[in-house]
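Numbering-wise (UniProt numbering), the sequence shown opens with residue 1 and increments by one.
Careful: at least some of the hints might be erroneous.
Said to hold, decoys possible - Quick list of in silico lysine to aspartate or glutamate cross-link-like pairs, EDC-like style, CA-CA up to 16 Å: (1) K76 to E233; (2) K128 to D192; (3) K43 to D229; (4) K316 to D279; (5) K43 to E4; (6) K44 to D192; (7) K167 to E269; (8) K270 to E240.
Hints are computed from structural coordinates only; laboratory data are not their basis.
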Amino acid sequence: MLKEIKIFDTVIEPGKSYKLNFNMAKLYTSTSIEVPVIINRSKKAGPVVLITGGIHGDEINGIETVRQIISKNLNKPAIGTIIAIPVLNVFGFLNGQREFPDGRDLNRVFPGTKSGALASRFAYQITKEILPLVDLVMDFHTGGAQRFNAPHLRVSQLEVQSWDLAKVFNAPFLMHGSNIKKTFRATCSGLDKKYLLFEGGMSSHSDKKVVSTAVNGAIRVLDHLKMLDPSVEVPVAEKESVIITNSKWIRARYSGLLHPKVDCGKRVEKDEFIAVITDPYGELRYKVKAPHAGYVINVNYSPLVYQGDAIFHISKDGE
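Based on the sequences and whatever the hints tell you, model everything.
What follows is the structure, given as structure tokens:
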């Protein structure tokens with residue numbers, strides 16, 4: 001017998017599709033803000049997969065990834081259930097900003113509290129209503145501000161099942177990273193849920209290549225779980241993920257105008273010329289060189305930087 005699945009007081013029947021509106025908060029005008037939760041359940045038993053984007057409202061690539069998964073009908077499983085939330089932070093999405101309207105980062109208040117601030121209440125409802133039902137979460141992000149992330153998965157090697165699924169996803173880079181307290185990821189880990197965190201591109205931009213990489217990885221995972229319709233063509237990755245277990249942020253030695261000279265994802269050698277920092281007056285011209293060999297996994301594309309700002313993130317052990 002199939003187990004009962006109930007979300008927001010709605011029983012999810014086998015073989016049916018649902019679009020539930022999660023509207024636990026309102027604007028100052030008393031206007032309700034609805035967060036669509038799209039659910040498709042097969043008649044056959046199987047895993048429950050949660051696919052999310054837009055936990056930060058300005059991370060367009062993650063939102064577009066989930067949208068494409070839905071538009072391609074990849075969220076209609078042959079077995080099990082797929083729950084898709086394209087825009088977790090609708091508030092931030094409407095305002096083109098990262099945070100909730102209360103100024104808090106939704107991804108720093110999990111598991112949330114029942115009677116706390118707005119973002120914390122929202123996190124609490126996700127944690128209590130949806131996560132207990134889920135076996136796997138695929139959560140799609142981008143770099144913050146004007147920092148561009150090379151497409152990669154961030155997973156802890158200590159979470160063996162998640163790490164194994166990350167290899168199936170097969171993003172260009174697979175980066176070991178410890179959990180950060182009060183994040184969605186840490187909460188999932190604490191509940192013993194498998195979790196894949198994808199990072200790619202930068203906020204407020206849509207990048208077709210990054211989105212394609214994310215969608216293809218999700219297809220490979222769903223195929224591995226036998227949740228895809230047999231008619232779906234499963235993309236084959238060109239090569240296995242480069243595994244990164246150590247990396248370092250490179251910071252600006254001077255304030256000024258930043259001119260990156262290498263592409264994100266490129267491998268650089270020690271002392272390779274990777275950027276120039278200048279001043280507006282033609283007096284300063286400082287060459288930034290790679291302090292060690294490795295892959296460039298993040299580039300700061302802000303035209304202006306202050307001394308100490310992170311400008312590159314370079315792996316220390318990728319080959």
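Evaluation of the provided hints:
{"no.": "1", "hint": "K76 to E233", "verdict": "holds, 15 Å"}
{"no.": "2", "hint": "K128 to D192", "verdict": "holds, 14 Å"}
{"no.": "3", "hint": "K43 to D229", "verdict": "holds, 13 Å"}
{"no.": "4", "hint": "K316 to D279", "verdict": "violated, 30 Å"}
{"no.": "5", "hint": "K43 to E4", "verdict": "holds, 12 Å"}
{"no.": "6", "hint": "K44 to D192", "verdict": "violated, 24 Å"}
{"no.": "7", "hint": "K167 to E269", "verdict": "violated, 26 Å"}
{"no.": "8", "hint": "K270 to E240", "verdict": "violated, 24 Å"}
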